[in-house]
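Q: These are the residues of each chain, in order.
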Amino acid sequence: MREAYLALADGTVYSGMAFGSELSLDTPPVWGEVVFNTSMFGYQEILTDPSYAGQIMCFTNPHIGNVGCNKDDVESRKVWVRGVIVSKLSREFSNYRGEESLDAYLKREGIIGIEGLDTREIVRKLREGGAQVGIIGEKGIHSPDDLVDMARTFDYSAYNFVEEVSCSEPYVWTESVWDHDAGAYRKITLEKLSSRPHVVAIDCGIKRNILRLLLDVGFRVTVIPYNFSPDEIAEISPDCIFLSNGPGDPSLLGETITTVQALLGRYPIFGICLGHQILSQALGGKTYKLKFGHRGGNHPVRDEATAKVEITVQNHGFAVSKEGLPNEVFISHINLNDMTVEGVDVTGDLRAFSVQYHPEASPGPHDAAYLFKRFYSLVTGERYASKR
Amino acid sequence: MPRRDDIKSILLIGSGPITIGQACEFDYSGTQALAALKEEGYRLILVNSNPATIMTDPELADRTYIEPITPDFVERIINKERPDALLTTMGGQTALNIVLELNDKGVFEEYGCELIGAKIDSIRTAEDRELFRSAMEEIGLQPAKSGIAHSLEEAESVIKEIGYPCIIRPSRTLGGSGGGIISNQSQVKPVVSRALNTSPNREILIEESLVGWKEIELEVMRDLKDNVVIVCGIENFDPMGVHTGDSITVAPIQTLTDKEYQALRTAAIQVIRRIGVDTGGSNIQFAIHPDTGKIVIIEMNPRVSRSSALVSKATGFPIAKIAAKLAVGYTLDEIPNDITRETPACFEPSIDYVVVKIPRFNFEKFPFADPTLGTQMKSVGEVMAIGRNFQEAIQKAVCSLEIGSYGFDRKSLFKGMERDKIIERCKTPTPERLWFLAEAFRLGATVDELYKTSGIDPWFLREIEEIVAVERALRDGEYNLSEKDELLNLKKMGFSDRRIASLTGRNEEDIREGRAKLGVKPAYKTVDTCAAEFVAFTPYLYSSYDRENENHPPEDKKIIILGSGPNRIGQGIEFDYCCVHAVFAFQELGYKAVMVNCNPETVSTDYNISDRLYFEPLTLEHVLEIIEIERPVGVVVQFGGQTPLKLSGELERLGVPIIGTSVESIDIAEDRERFTQLIEKLSLRQPEHATAKSIDDAIFKARKLGYPLMIRPSFVLGGRAMRVIHDERELMDYFAEGLYVSNDRPVLLDRYLHNAIEVDVDCVSDGSRVVMAGIMEHIERAGIHSGDSSCAIPPPTLSEEVQNELRRQTELLADALNVRGLMNVQFAVAKFGEIYILEVNPRASRTVPFVSKATGIPWAKVAAKVMAGVSLEEQGILASPSISHVAVKTAVFPFHKFAGVDRLLGPEMKSTGEVMGIDGNFGGSFFRAQYASQNALPVSGTVFISLADDDKEAVLDIMPDLISLGFRVVATRGTCDFLRKNGFKCMHINKVREGSPHIVDMLSAGEIDLVINTPEGIGPLLDSKSIRLVANEMHVPTYTTVSGASAAVEAMKILKDNGDFEVLALQDRLKGE
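Going line by line, the protein sequences match chains A and B.
Taking the numbering used here, I'd label the letters of the first sequence as residues 1 to 388.
Taking the numbering used here, I'd label the letters of the second sequence as residues 389 to 1461.
Just so you know, the hints here were simulated from the structure itself, not pulled from any lab data.
Heads up, the beta-carbon is just placed ideally off N, CA and C, and yes, glycines get one too.
Heads up, some of the hints might be wrong.
With a straight-line cut-off of 20 Å between C-alpha atoms, the simulated SDA-like cross-links for lysine to any residue are [to be verified]: (1) LYS291/A x VAL923/B; (2) LYS613/B x THR306/A; (3) LYS308/A x GLU526/B; (4) LYS308/A x GLY664/B; (5) LYS613/B x GLU304/A; (6) LYS308/A x PRO390/B; (7) LYS308/A x GLY717/B; (8) LYS308/A x PRO724/B; (9) LYS909/B x GLU304/A; (10) LYS879/B x PRO28/A; (11) LYS308/A x ILE723/B; (12) LYS308/A x LYS880/B; (13) LYS879/B x ASP179/A; (14) LYS682/B x GLU121/A; (15) LYS291/A x GLN764/B; (16) LYS872/B x VAL13/A; (17) LYS909/B x PRO225/A; (18) LYS613/B x GLU121/A; (19) LYS507/B x GLY528/B; (20) LYS139/A x PRO28/A; (21) LYS682/B x ASP72/A; (22) LYS1413/B x THR1428/B; (23) LYS682/B x ASP181/A; (24) LYS1441/B x GLY1329/B; (25) LYS373/A x ILE188/A; (26) LYS682/B x ASP179/A; (27) LYS1081/B x ILE1067/B; (28) LYS291/A x ALA924/B; (29) LYS1089/B x HIS1142/B; (30) LYS909/B x ASN937/B; (31) LYS880/B x ARG91/A.
Coverage of chain B stretches by chain A, computed from C-beta distances (three or more under 8 Å per stretch; other residues unrestricted) [unchecked claim]: (32) 738–744; (33) 766–778.
Listed next, the stretches of chain A that the computed footprint assigns to chain B, with coverage defined by at least 3 CB atoms under 8 Å from CB atoms of chain B [as the list claims (entries may be wrong)]: (34) 37–45; (35) 73–82.
All chains should be modelled from the sequences, with the hints used to inform the complete structure.
A: Written as structure tokens, this is what we have:
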């Protein structure tokens, strides 16, 4: 058993047991913005969500690792969370789809975890004091004081994590949604895709379930790097544009925002999370950093058009300000916990909308999956038989 | 959507008496609903026959009817009150059934009463097997496959459809006997043939076997705008095959990935939409195949339930309260979350702890019942525990059970058992399986082996295995308990001080002090619905040994009330009622009331009731820690029954300020010798008695006392193993059972007072004044446990002189014991008016809620104020109230849940609940009480009488009435001869052993409408058992005492003369006083 520390920039040091990958004298300790997630399911999806790049994840669910890890429950090609904080780690797992333990999985992925911490204490600290940088080190390699000093030198907002998580080359996506009975994702052949409307997804750290749902509602999907120019995009002849989720501060993405401004009006646009912040900024809106962000699977959001409430998946540290949005943009969704903006809709010719939360779920409730159908209708003019 | 203003008055139906399957959770939900609707200004009408409920307190509804929950009575109430709406979802199955019956009669249409909560179609679709199946198939969900067959050929084709394994159940056999599981072709013929032969109508039900599948429940809420939230998911530790009420359950779900959980969540939403429950909560159950993830929908309850109470307590999301608000038109986003205040109720709670529920059983009360758990619920109560991990939660839950277990101990269960036998016991679900699993691990069983045997998920098994491994290390001295971290690790795993002590050969106090020295103290955490994401304003707390203690109690004047723990026979909702009243009383006096309890069904564990709530085991360890951190001015042990009383000695020794009657006085009342001295000092009388340490000693002393006599072990409570012994042979049989006596645990012998009238007196004393709350005359003669006996207030047959003497003696006792608060005395009044004292309890008794409802004075509250130093005079309670009506309490029994259990009453308590009847006269009240307890009395027909010799004389008094009511009399030889000799016409019928046609044949054929059967001694007792069993099965009202029968005759007379009963609300009855 290896002992580990979690040191926070405010000087607090917690000690626990290390799991996952081992640190050594040659590797630097792991730093990141410490955030929490209150989801009770889906730790593997969370770990592989590129939006968490640069962050250390504190899970509030008391047992983590119970169902192990498998090849299917991933939202990208690798684990993006830099460090994992859990209260109680299950070293053995039990689920019919489980393939390896979380410990083994993180070892393979080169990610360190620390267990046995009072995760509730950490959440309360972040809630009161706001998000802050933390650093995980191992006893015998690092001293607590050094770790605190180091934690103070990092600034999460200064990094452009999108660069790190975006794809480098465009690619076509062929995997559709999960089939529970078959225990596998549905596959769609390239031939079947050719006649479909073409969505080009700008990858700022896109979650695979977004791609699966886009495919499921009837699109053909091409994923492109976040820094493609409007001309490069036009070359692959999209019918519409999707703006993905992703990590970090949206105001660092000036280039992408300019691109979106150029695309607005030419193509219908749908954005999620970071994509929502990019769209809002492209429309003239502003973003700001929340005190401790929204991260969980249980936030109520009201669709202002229908006045109905959906239970949503949230993962964002920044939000779009209500002020500064132009008149043709209306706030379509509101978070009922703190009344922050959760979605915008552009009326008129611009044909664009976006939401702050995650309708693709994975993990989390599927209440908002209707938005993908809404996008399909917007693009094709066909009415999608809404199940809601 | 705003609140509906088109309805002004709402009727709510309660769930009636506590029975197995319907306990105090419906008092909790009903009380919440009433409070929520009152807040909105509606006029509220309530009907519930159970007086031991908070919901029937006259302040809660505008009109409270303590009346039978039967279609005719509820219709009378609707006719009288003309409510605009009826809230259908708060009274369990009882309320739903009544709603369906009244609807069939067109009552709601006739009176223009709208159903809110769940509408008729929803209730029907959810309740009707076939409608439900097709509704589920319609939305693409799979119900368990099943079919009916009447022959081997039919069965073969059904089985072909369903596949193996499948379950065969013969129709109309008791307790499912004659059924079986078929796993392959070769078993079809033998199992099906046997089942067909067992079934009286040669019909069998064939079902897809889901045994061993995971069982998951979701609690779902929906509003009129079609917003749906899942409040919580629960995973059953016991796989499919055990009723969820009898299963150990865990929240949150531990062994599903997000993909599986979301599939269930989405399905649950589809279900509630399809069934159409549009304003409120529902419970939806699924089975999941552990190897394939295949999902089967089991059932849906379109109402609040035991699970919703559990989930409300487990998450802090008050389902019943919110369901009530939704029913009157609010939507989820309009209702604030109580705990966070800022955020709305339209969300799904996230919990950052583990909750474990363990059911509480009472099989020791029913020695002939089969303790195997199955699809019919058998538990009488439950405990819930909260911990920061599963191990902590389950070990805390074990401590909460109050079965003398403080971890995976209970060595006596496995004494002398071989490994194979232990593993075999892990296969069959029983109340003890958890301990057998631990023992199996001790003997080297592996997780795989036990998974194959029990079907319990390996994840849970591994957690238990780890506890056992640590136990072993601890026993082997591998832990250094003076190392802070090592001790802390044990506490984090939930090891109680007692368990650590027993594993290390030390005592509890040692461990506790060692812990204090090292600073290993609990860190209290808050149940806040949101995993700390938002600030919580409600101090709803549980202990853990995690790092940060969030609990910083303000320095208010506080009083801690110790609750009554899990429901069990002998200690149920009555004590929770008293605890809640104590909370109200202290709050009224300006104290902060701190509640400690571990029963999730109750009103007392509603965080809106007390100022601060600790959801903790009621053990010395947990209680002491709370007292230490809260520093109360007083601790109350009087209201929670035996649970807190058991702790009172130790608490006092450790300097805890116990308020009210002293622990010393309680001890005098409980200690037989000291009590006898007191009685002698006061020149009062007790039945002659003796203590015997061996069988010879007992035989000798019994001869001196004379038979019949009452015998009981000295170390048990609630009348356990208490029996009336008629002769020496029975005495020897009792000892031959061998369970009850040893040198340091003698048996107690009491002279049995035959045919004496038993009387309960409740009083309150403040030290200078004693006020009688009520004198209750029992209907059944002395010898029947007071909790099982019917009783009436005011006493129907006791003379004023006798009553005055009872008062005098009660006062004398209260003064001598220096009572501050409640005291209960049980008297026996013998033939010539001699008064004997049977028992004194200087604390709240089971009868307090009944007396309070009957007299209109909340005695528990009055007593609590006395304990806080407010005299009776200051409260304006100067004398016993006189009432002009009669109130009767009748006990309700669980016999129909236990096949093969005799319904004979005796000194050992067997009832689970009670009902009350209230009317202007005894007959009317008794009838209402009987009717409410589901004993529908006949007014004529055939009565079967079979009496013990001692009772024959007494029955002559009621014979003329039975004849004039028009009853035809059938009797066995002795009784028949006796009746004929005394001039009554009577038909003779054979006893069973005399051959057919005999009485059981007649009963089975439905030819008997009433049974009066008083057996005597073991021989005749066994003879007559089959009569009572069949009568029980055929739902024929059966009286096992002449006094009970006599009261029934009174009621039948009233019933015959006056078929139409007036209904009068409690508020109106009490106003008339």
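Q: Decide, hint by hint, whether the structure agrees.
A: Consistency of the hints with the structure:
1. LYS291/A x VAL923/B: 14 Å, holds
2. LYS613/B x THR306/A: Given that 20 Å is the threshold and the Cα spacing comes to 10 Å, the pair holds.
3. LYS308/A x GLU526/B: Status violated; Cα separation ~25 Å.
4. LYS308/A x GLY664/B: 17 Å, holds
5. LYS613/B x GLU304/A: 13 Å, holds
6. LYS308/A x PRO390/B: At roughly 15 Å apart (the allowed maximum being 20 Å), PRO390/B and LYS308/A satisfy the hint.
7. LYS308/A x GLY717/B: With a Cα-Cα distance of about 15 Å, the restraint between LYS308/A and GLY717/B holds, given a limit of 20 Å.
8. LYS308/A x PRO724/B: 16 Å, holds
9. LYS909/B x GLU304/A: Given that 20 Å is the threshold and the Cα spacing comes to 49 Å, the pair is violated.
10. LYS879/B x PRO28/A: Violated, because 35 Å separates the two Cα atoms, which is more than 20 Å.
11. LYS308/A x ILE723/B: Roughly 14 Å separates the two Cα atoms, so the pair holds.
12. LYS308/A x LYS880/B: 43 Å, violated
13. LYS879/B x ASP179/A: At roughly 43 Å apart (the allowed maximum being 20 Å), ASP179/A and LYS879/B break the hint.
14. LYS682/B x GLU121/A: Roughly 38 Å separates the two Cα atoms, so the pair is violated.
15. LYS291/A x GLN764/B: Not OK: LYS291/A and GLN764/B at ~52 Å, beyond 20 Å, violated.
16. LYS872/B x VAL13/A: Judged against 20 Å, a Cα distance of about 19 Å means the pair holds.
17. LYS909/B x PRO225/A: Violated, because 54 Å separates the two Cα atoms, which is more than 20 Å.
18. LYS613/B x GLU121/A: The hint is violated at about 37 Å.
19. LYS507/B x GLY528/B: The given pair, whose Cα atoms are some 23 Å apart, is violated under the 20 Å limit.
20. LYS139/A x PRO28/A: 13 Å, holds
21. LYS682/B x ASP72/A: Answer holds: LYS682/B to ASP72/A is near 17 Å, not above 20 Å.
22. LYS1413/B x THR1428/B: 11 Å, holds
23. LYS682/B x ASP181/A: 7 Å, holds
24. LYS1441/B x GLY1329/B: This hinted pair holds, its Cα atoms lying about 14 Å apart.
25. LYS373/A x ILE188/A: 18 Å, holds
26. LYS682/B x ASP179/A: Satisfied, since the Cα-Cα distance of roughly 11 Å is no more than 20 Å.
27. LYS1081/B x ILE1067/B: 23 Å, violated
28. LYS291/A x ALA924/B: Roughly 18 Å separates the two Cα atoms, so the pair holds.
29. LYS1089/B x HIS1142/B: Cα-Cα ~19 Å, so holds.
30. LYS909/B x ASN937/B: Status holds; Cα separation ~9 Å.
31. LYS880/B x ARG91/A: Cα-Cα ~17 Å, so holds.
32. 738–744: Holds: 5 residues of the region 738–744 of chain B have a Cβ under 8 Å from chain A.
33. 766–778: With 3 residues closer than 8 Å to chain A, the region 766–778 of chain B meets the three-residue bar; holds.
34. 37–45: Check passed, 7 qualifying residues.
35. 73–82: violated (count 1)
Checked against the numbered hints above, the structure breaks hints 3, 9, 10, 12, 13, 14, 15, 17, 18, 19, 27 and 35 and satisfies the rest.
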